[in-house]
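A.B. asks: Okay, here's what each chain looks like letter by letter:
Protein chains: 2
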Amino acid sequence: MSLLVQKFGGTSVATIDHITNVARRIKKSRADGNDVVVVVSAMGKETDRLVGLIEEVDVRTSPDIRRETDVLLSTGEQVTISLLSMTLMKLDVPARSFTGGQVRILTDGQHTRARIESIDTDRMRATLAEGKVVVVAGFQGVDAEGDITTFGRGGSDTTAVALAAVLEADECQIYTDVEGVFTTDPRVVEEARCLDEITFEEMLELASLGSRVLHTRAVEFASKYQVPLRVLSSFGESDGTLIAGEDRISMEQPLISGIAFTADEAKLTVRGVRDVPGIASKILVPISEAAIEVDMIVQNVSADQSTDFTFTVSRGDYEQARSILEGVAGDIGAAEVSGDNKIAKLSIVGVGMRSHAGVASKMFRVLADESINIQMISTSEIKISVVFDEKYLELAARALHTAFGLAETQ
Amino acid sequence: MSLLVQKFGGTSVATIDHITNVARRIKKSRADGNDVVVVVSAMGKETDRLVGLIEEVDVRTSPDIRRETDVLLSTGEQVTISLLSMTLMKLDVPARSFTGGQVRILTDGQHTRARIESIDTDRMRATLAEGKVVVVAGFQGVDAEGDITTFGRGGSDTTAVALAAVLEADECQIYTDVEGVFTTDPRVVEEARCLDEITFEEMLELASLGSRVLHTRAVEFASKYQVPLRVLSSFGESDGTLIAGEDRISMEQPLISGIAFTADEAKLTVRGVRDVPGIASKILVPISEAAIEVDMIVQNVSADQSTDFTFTVSRGDYEQARSILEGVAGDIGAAEVSGDNKIAKLSIVGVGMRSHAGVASKMFRVLADESINIQMISTSEIKISVVFDEKYLELAARALHTAFGLAETQ
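Sequences listed follow chains X and S, in order.
Each residue of the first sequence is one higher than the one before, counting from 111 in my numbering.
Each residue of the second sequence is one higher than the one before, counting from 111 in my numbering.
Just so you know, these hints were derived from the structure itself, not from any lab.
No experiment lies behind these values; they were computed from the predicted model shown.
Please note that the accuracy of each hint is not assured.
Copies of one chain are not kept apart here, so a pair can be met inside one copy or by any two copies together.
Unchecked claim - Cross-link-like lysine to aspartate or glutamate pairs, in silico, EDC-like; alpha carbons within 20 Å at most:
| hint | residue 1 | residue 2 |
| --- | --- | --- |
| 1 | 138 | 280 |
| 2 | 137 | 174 |
| 3 | 138 | 436 |
| 4 | 137 | 330 |
| 5 | 200 | 174 |
| 6 | 155 | 166 |
| 7 | 200 | 166 |
| 8 | 242 | 227 |
| 9 | 155 | 450 |
| 10 | 242 | 174 |
| 11 | 452 | 142 |
| 12 | 501 | 418 |
Model the full assembly from the supplied sequences, consistent with the hints where possible.
C.D. replies: In structure tokens:
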């Protein structure tokens, strides 16, 4: 007898028909001999509807306003838990719903971005012992005052992983509208293949690069508590992708597991900067004060006393970042500010590259063979990212996908 | 400094514009030097939307299903408290929302029709002491397990009166979409006038007879705890109608306060019933087992050994009740079952008739002058009800309204 935590996102519970489909899956998991704890999001566009109401009120945010935002948003998941529990009972599956507060998901008091501090498993275990499915509202908890808190984006995934951790579940299954984690974006590379398994580290690198299957925070959480995660489709029948620690993944790791990319990038270069301590922060502090997120940063060693400093931002932030840089260029004695908002970033990710030399050189050779000029390079232990003209993005993705044999079943 | 409990129903909070209107009223009450506790219902048709979702699930009811129904329905009010609190803050009025559970409105475990057992005033008083408006979700509480419960129809009125009682508020103001309690239905009698005041007893008689301004349960509750109630419009500027104990109402009571009526009635007569003990229950038990509500019951003393037994039901129940009666007629040795589903019931209500003889005879004379034949009569201490052919309803209402001087300001 295994204990599974199953999480169903908004698309999977968008209508009563969808909820019925979810209830049937849960019934099947039970028939297969598992105890099930379910975590659900708000139905389809419900959260958007509620956010729309807040926008209509049109009030400046504040801690008190954020407190009320949480009171409002948490109703979305509360609606789903009751409807799913009713639907399960209709299918003769005993079930009981719980809000975040009712299973004592205790958080700090940071409304709209609360962090979980503890979870009381007593009521869930007692309900499972009664032979019932436990249906928990995702995305929400309560603080020490009994005030409702929410977790921000990807919050229901976080709830699922946290419950799986405290209940020591055998697996945390994240049901979504895709079949699993793919080697790359199937809309661009037709041969993209659903991975059977992938490590937490690889998933984190892929997720943060745009493969938006799972929220980064949930993967970090799962990695920290070594909760095996499985991403699978609410609508299909495949086993999806298992995301786990390296000890749980097959011995024979492929060289690379996936290719992530985004065309939504821009780069900015400050040329002829004096190469002295503190110069990077003088450039980046005004950027971060404008709430612009910086991604890749490259600075070369200087031959003389000056250097070039280059970084990438989201394309939407390009104009603002550029005008900030032009404002500070004089202060830091820079010769010139230049930029390019027609670039793409592509990364190859794989724990296999730790033990195999030559992954980078192979990647660069493949790109060179296609006459793609690499403008920036950045590497981590299990990832190599490059920036190039965005017009080459599809070509590069396809060539690398083939070169690294990602289309072939392992 | 007074403490007011103000309740706003679904129509008053149907949109953000409506909620803004409500927030302005609350702001004004505060500017007038009052502390304010607000109770709100779900927005407009939100409860209907949620009930529609339950109907879509289409599951037989049970205690567990009713538990989930409460989890679902309670979200309606939770949405309103957050939006109203935000809107108040936007108008620079400090405010804080509370669900039923958060102010510890403790109830029994009878889901969808729970009864309040106790309310903890600590958190509300502390919030008022901070200079904030307390915004409480109507219609809901929690049971000893921490499970969400709801109160059934008119539940938000009940919450408001209960909070006023435990907080010893100076007045419980029920804001609605009508100006107050009228002498009779203004759609039928043009001269109908909004009453300045009325006693709890009179209000109970009028409410149960179809003047659906306030739910009977809330009035009973207010009467029991002697909480002065005021019904007034969310949209107008008048003082509405004060409903209170006789000690709070002006000395000079009018003879009658109001005329209630409904055309939605039917009567059934079992003729030639043997006049022996237990015969009434033999007739009525099968009716009540079919969940048909019986209103007026009239049985005359019998001259010989048999009598006629007549009662009224809602028109929608007429056919079913009639066929049940025909089924039992043989068992009780009845000669005949007859009926009429074209009747109306009209009642005049007033504490003044306690001390004034002749109210009944005046009523009957007025009806006789209009050639209206009375088919049934039933009286209580402060009410006289009659049944007649429904075609005379408007005529009777107008004639009595004039005869008892109800149009004249007191």
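A.B. asks: Each hint needs a verdict: does it hold in this structure or not?
C.D. replies: Each hint, compared with the structure:
no.: 1; hint: 138 - 280; result: within (17 Å within a copy, 58 Å between copies)
no.: 2; hint: 137 - 174; result: between (42 Å within a copy, 18 Å between copies)
no.: 3; hint: 138 - 436; result: neither (61 Å within a copy, 51 Å between copies)
no.: 4; hint: 137 - 330; result: neither (30 Å within a copy, 47 Å between copies)
no.: 5; hint: 200 - 174; result: between (40 Å within a copy, 11 Å between copies)
no.: 6; hint: 155 - 166; result: both (17 Å within a copy, 18 Å between copies)
no.: 7; hint: 200 - 166; result: between (38 Å within a copy, 12 Å between copies)
no.: 8; hint: 242 - 227; result: neither (26 Å within a copy, 29 Å between copies)
no.: 9; hint: 155 - 450; result: neither (36 Å within a copy, 52 Å between copies)
no.: 10; hint: 242 - 174; result: between (37 Å within a copy, 11 Å between copies)
no.: 11; hint: 452 - 142; result: neither (52 Å within a copy, 61 Å between copies)
no.: 12; hint: 501 - 418; result: neither (25 Å within a copy, 95 Å between copies)
The structure does not agree with the numbered hints 3, 4, 8, 9, 11 and 12 stated previously, though it agrees with the rest.
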